[in-house]
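**Student:** Here are the chains, one letter per residue:
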Amino acid sequence: MNKYKKITLDGLIFQNPTFMLVLGTCPTLALIKSATSAAGMGLTVIFILTLSNIIISALRKVIPNAVRIPCYIVVIATLVTFARMVLEKFLPDLYESLGAFLTLIVVNCIILGRAEAFASKHTVAEAAVDGIANGLGFTFALTLMGIICEFLGKGSIFGLKIMNFKIEMFASSAGTFLVYGLCIAVFVYVLDGFERARRVKANKLARENLLKEGA
Amino acid sequence: MSTLIAIVLSAVLTDNFITQQTYGICPFLGVSKKTSSALGMGVAVTVVMALATLVTYPLYVYVMKPLNFAFLEIIFFIFIIASLVQMLEKIIQKLSPSLYNSMGIYLPLITTNCAVLGVTELVIGDNFLSAIGAAGTMNIGWAVLYAFFAGLGFTLVMVIMSGLREKLNYYKMPKALAGFPVAMVTASFICMAFMVFSFI
Numbered sequence: 075m076n077k078y079k080k081i082t083l084d085g086l087i088f089q090n091p092t093f094m095l096v097l098g099t100c101p102t103l104a105l106i107k108s109a110t111s112a113a114g115m116g117l118t119v120i121f122i123l124t125l126s127n128i129i130i131s132a133l134r135k136v137i138p139n140a141v142r143i144p145c146y147i148v149v150i151a152t153l154v155t156f157a158r159m160v161l162e163k164f165l166p167d168l169y170e171s172l173g174a175f176l177t178l179i180v181v182n183c184i185i186l187g188r189a190e191a192f193a194s195k196h197t198v199a200e201a202a203v204d205g206i207a208n209g210l211g212f213t214f215a216l217t218l219m220g221i222i223c224e225f226l227g228k229g230s231i232f233g234l235k236i237m238n239f240k241i242e243m244f245a246s247s248a249g250t251f252l253v254y255g256l257c258i259a260v261f262v263y264v265l266d267g268f269e270r271a272r273r274v275k276a277n278k279l280a281r282e283n284l285l286k287e288g289a
Numbered sequence: 011m012s013t014l015i016a017i018v019l020s021a022v023l024t025d026n027f028i029t030q031q032t033y034g035i036c037p038f039l040g041v042s043k044k045t046s047s048a049l050g051m052g053v054a055v056t057v058v059m060a061l062a063t064l065v066t067y068p069l070y071v072y073v074m075k076p077l078n079f080a081f082l083e084i085i086f087f088i089f090i091i092a093s094l095v096q097m098l099e100k101i102i103q104k105l106s107p108s109l110y111n112s113m114g115i116y117l118p119l120i121t122t123n124c125a126v127l128g129v130t131e132l133v134i135g136d137n138f139l140s141a142i143g144a145a146g147t148m149n150i151g152w153a154v155l156y157a158f159f160a161g162l163g164f165t166l167v168m169v170i171m172s173g174l175r176e177k178l179n180y181y182k183m184p185k186a187l188a189g190f191p192v193a194m195v196t197a198s199f200i201c202m203a204f205m206v207f208s209f210i
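Which chain is which? The protein sequence lines are E and V, in order.
First residue of the first sequence? That's 75 in my numbering, and the numbers climb one at a time after it.
First residue of the second sequence? That's 11 in my numbering, and the numbers climb one at a time after it.
One or more hints might be untrue.
What the hints assert, rightly or not - Listed below are the simulated DSSO-like cross-link pairs for lysine-lysine, each with C-alpha atoms no more than 30 angstroms apart in a straight line:
hint, chain 1, residue 1, chain 2, residue 2
1, V, Lys185, E, Lys275
2, E, Lys278, V, Lys185
3, V, Lys43, V, Lys182
4, E, Lys163, V, Lys75
5, V, Lys185, V, Lys75
6, E, Lys79, E, Lys195
7, V, Lys185, E, Lys79
8, V, Lys44, V, Lys177
9, E, Lys275, E, Lys79
10, V, Lys177, V, Lys75
11, V, Lys44, E, Lys80
12, E, Lys235, E, Lys163
Bear in mind the hints are in silico, worked out from the structure with no lab data behind them.
Only chain E is shown next, with the shape it has when bound in the complex (with noise of 0.2 angstroms):
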């Protein structure tokens, strides 16, 4: 049990796709000027990436070592032309946001990177966990930087009119490329004052037990 939560957890924080690997880096730049659409994308790529993960990792003993890539494009297409098929039948909104970045979740480097760093050396179940662990890394990233961008550059949250002011710089690209950048900032910033408060527990305790050895 304790090997599929390190998994989630490296997939939601210390590996976060967005944060820590910055990877998938166009559709969040483009998407998160909108709550909507963010949330939209980021539960459209878990879907694509659980269902991936699970193919390819069921694959991964048939497809030879040579031709994978391609593969794993072929994979990742189907799957993305029926996720496109459903969304402008079902949620046409939803479809009319996302707009061409739907189809370019085929280059997303977070799904092919999910594939060749991970699908294709474990089990299915390792790598189902894995595909839903990221895509709710990469979603929470993407949502709550839709919210922050959209409360600033429209005044409201998920649509909703909350105040009457507006940026208009967070509503265009400068914007979200600011709004990334230092979430990336406090968010390493963060990570790394766990990380030390954590070490310096470690050395307390180490140093108690000497003490009380010696004694």
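Go by the hints and put chain V onto chain E.
**Tutor:** Coordinates of chain V only, in the frame set by chain E:
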């Protein structure tokens, strides 16, 4: 003539791929530490964008649409781009080893650059010309022209960014800000500068 000017201005300045549409950010952040490598990457992307559009546009308009399998565009396009990049790599390796040595390492990265798939998807969209404010009817010439100049716009921003990042190396900064965060803040200022063009 006016269509030509509208396409060139739109592709390079007002709808710049990096600063306005945020396509191709991975190489923009990853390969912009040195001006020479940024220029190499930009040229390679420009060539692949123009060639990919030259192949995918007629395929989509004259084959896939009449035969009613346009819904397979994603799979077809990504395969064309991947094989085109592979082919280009082999051709450059045979024809000019020196060019291959300077540009070859960037070529495999281009397959997963969303600027290339992005431009092939953009130009097959409905009312593409009126969306960028140009008159006339769409044809393969305009499509390839747009792809080429969008690539040049990409190269322009890559070179500006790499110049700024070379200067940034001289400054000390907090550990949390170093690397990607400060690069993104720099990119934010470049975007602000390019926002001026969207008021034209």
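**Student:** All the hints need checking, so say for each whether the structure fits it.
**Tutor:** For each hint, the structure was consulted:
{"no.": "1", "hint": "V:Lys185 to E:Lys275", "in the structure": "holds, 22 angstroms"}
{"no.": "2", "hint": "E:Lys278 to V:Lys185", "in the structure": "holds, 25 angstroms"}
{"no.": "3", "hint": "V:Lys43 to V:Lys182", "in the structure": "holds, 16 angstroms"}
{"no.": "4", "hint": "E:Lys163 to V:Lys75", "in the structure": "holds, 20 angstroms"}
{"no.": "5", "hint": "V:Lys185 to V:Lys75", "in the structure": "violated, 53 angstroms"}
{"no.": "6", "hint": "E:Lys79 to E:Lys195", "in the structure": "holds, 18 angstroms"}
{"no.": "7", "hint": "V:Lys185 to E:Lys79", "in the structure": "holds, 29 angstroms"}
{"no.": "8", "hint": "V:Lys44 to V:Lys177", "in the structure": "holds, 10 angstroms"}
{"no.": "9", "hint": "E:Lys275 to E:Lys79", "in the structure": "holds, 23 angstroms"}
{"no.": "10", "hint": "V:Lys177 to V:Lys75", "in the structure": "violated, 50 angstroms"}
{"no.": "11", "hint": "V:Lys44 to E:Lys80", "in the structure": "violated, 37 angstroms"}
{"no.": "12", "hint": "E:Lys235 to E:Lys163", "in the structure": "holds, 28 angstroms"}
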